[in-house]
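**Student:** Sequence:
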Amino acid sequence: MRLEGKRVLVTGASRGIGQATAILAAREGADVAVNYVRDSEGAAATAAAITAAGRKAVVVQGDVSDRDSVEAFVTSAWDGLGGLDVLVNNAGIETIIDFVDLTDEQWSNVTNTNLRGPWMCSQVFVRRLLAEGRTGSIVNLGSIQAGLAFPGRTHYAPSKRGVEGLTAVMASELGKYGIRVNCVHPGVIETDMTARLKTDLVELEAIRQKVPLGRTGLPEEVAPIIVMFASDESSYITGQHIYVDGGMIV
Numbered sequence: 000m001r002l003e004g005k006r007v008l009v010t011g012a013s014r015g016i017g018q019a020t021a022i023l024a025a026r027e028g029a030d031v032a033v034n035y036v037r038d039s040e041g042a043a044a045t046a047a048a049i050t051a052a053g054r055k056a057v058v059v060q061g062d063v064s065d066r067d068s069v070e071a072f073v074t075s076a077w078d079g080l081g082g083l084d085v086l087v088n089n090a091g092i093e094t095i096i097d098f099v100d101l102t103d104e105q106w107s108n109v110t111n112t113n114l115r116g117p118w119m120c121s122q123v124f125v126r127r128l129l130a131e132g133r134t135g136s137i138v139n140l141g142s143i144q145a146g147l148a149f150p151g152r153t154h155y156a157p158s159k160r161g162v163e164g165l166t167a168v169m170a171s172e173l174g175k176y177g178i179r180v181n182c183v184h185p186g187v188i189e190t191d192m193t194a195r196l197k198t199d200l201v202e203l204e205a206i207r208q209k210v211p212l213g214r215t216g217l218p219e220e221v222a223p224i225i226v227m228f229a230s231d232e233s234s235y236i237t238g239q240h241i242y243v244d245g246g247m248i249v
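Mind the numbering: the sequence shown is residues 0 to 249 in numbering that gives the first Met the number 0, read in order.
The reader is advised that the hints may include incorrect statements.
[Said to hold, decoys possible] Below, computed lysine to any residue pairings styled on SDA-like, alpha-carbon distance capped at 20 Å:
hint: 1; residue 1: Lys175; residue 2: Asp231
hint: 2; residue 1: Lys209; residue 2: Gly246
hint: 3; residue 1: Lys175; residue 2: Gly132
hint: 4; residue 1: Lys175; residue 2: Arg127
hint: 5; residue 1: Lys209; residue 2: Arg133
hint: 6; residue 1: Lys175; residue 2: Gln122
hint: 7; residue 1: Lys209; residue 2: Ala148
hint: 8; residue 1: Lys55; residue 2: Glu40
hint: 9; residue 1: Lys175; residue 2: Asp78
hint: 10; residue 1: Lys175; residue 2: Ala148
hint: 11; residue 1: Lys209; residue 2: Glu189
hint: 12; residue 1: Lys55; residue 2: Asp78
hint: 13; residue 1: Lys209; residue 2: Gly151
Read the hints as simulated data drawn from the structure, not as lab findings.
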């Protein structure tokens, strides 16, 4: 098993890609801390699947955009699992708002979660690793919108392009400590974030036409790449990003 003996914290693990990643990590041998901000039932379902896989689950509530909250839930995850080896910065939000209508608050809500959140979670995690002289792995979740421009995402796309830059700089600074940092950019994946496409068949078909594989993806198709970056299989890989998008960006 690729994550045998590892302890993994996944943010935003109550649904979608985060949930699929947490469950796969458990099946690959890891104990997992399940972070959520509001969906306690979804987090409980993720934890149940982890324990069903024979691994330990710890559920930790907290908002990745709030410093005190991050400090608290990383500490709870660390203490609950007896330490952490891997951080998956998955939590993210998206709204679609025309450029001319975008407000300061809407900008801040998205960028604070999608970019400030991974920075803060990683900083708190790394400080704990360094204090104990340990190595680790961080996997950041970006988006296909780091490489494509979609209307109405003036706030979202920059946050995800920022995650790519954050990944590169963190990797360059943290490599000397044996801490690896990589980034996964999902394409159009069937999650709550893209649920609107189920009723907008015109947009859905337009997207499918742009994907060489001819379909949208599933969370379970993104999770294995995250697990690969988290595992020792990628022990000589850091500062990299990969698109899991059916070939939409080639």
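**Student:** Against each hint, give a clear statement of whether it holds in the structure.
**Tutor:** Tested hints:
| no. | hint | result |
| --- | --- | --- |
| 1 | Lys175 with Asp231 | holds, 17 Å |
| 2 | Lys209 with Gly246 | holds, 9 Å |
| 3 | Lys175 with Gly132 | holds, 12 Å |
| 4 | Lys175 with Arg127 | holds, 16 Å |
| 5 | Lys209 with Arg133 | violated, 44 Å |
| 6 | Lys175 with Gln122 | holds, 16 Å |
| 7 | Lys209 with Ala148 | holds, 13 Å |
| 8 | Lys55 with Glu40 | holds, 18 Å |
| 9 | Lys175 with Asp78 | violated, 26 Å |
| 10 | Lys175 with Ala148 | violated, 35 Å |
| 11 | Lys209 with Glu189 | holds, 16 Å |
| 12 | Lys55 with Asp78 | holds, 13 Å |
| 13 | Lys209 with Gly151 | holds, 19 Å |
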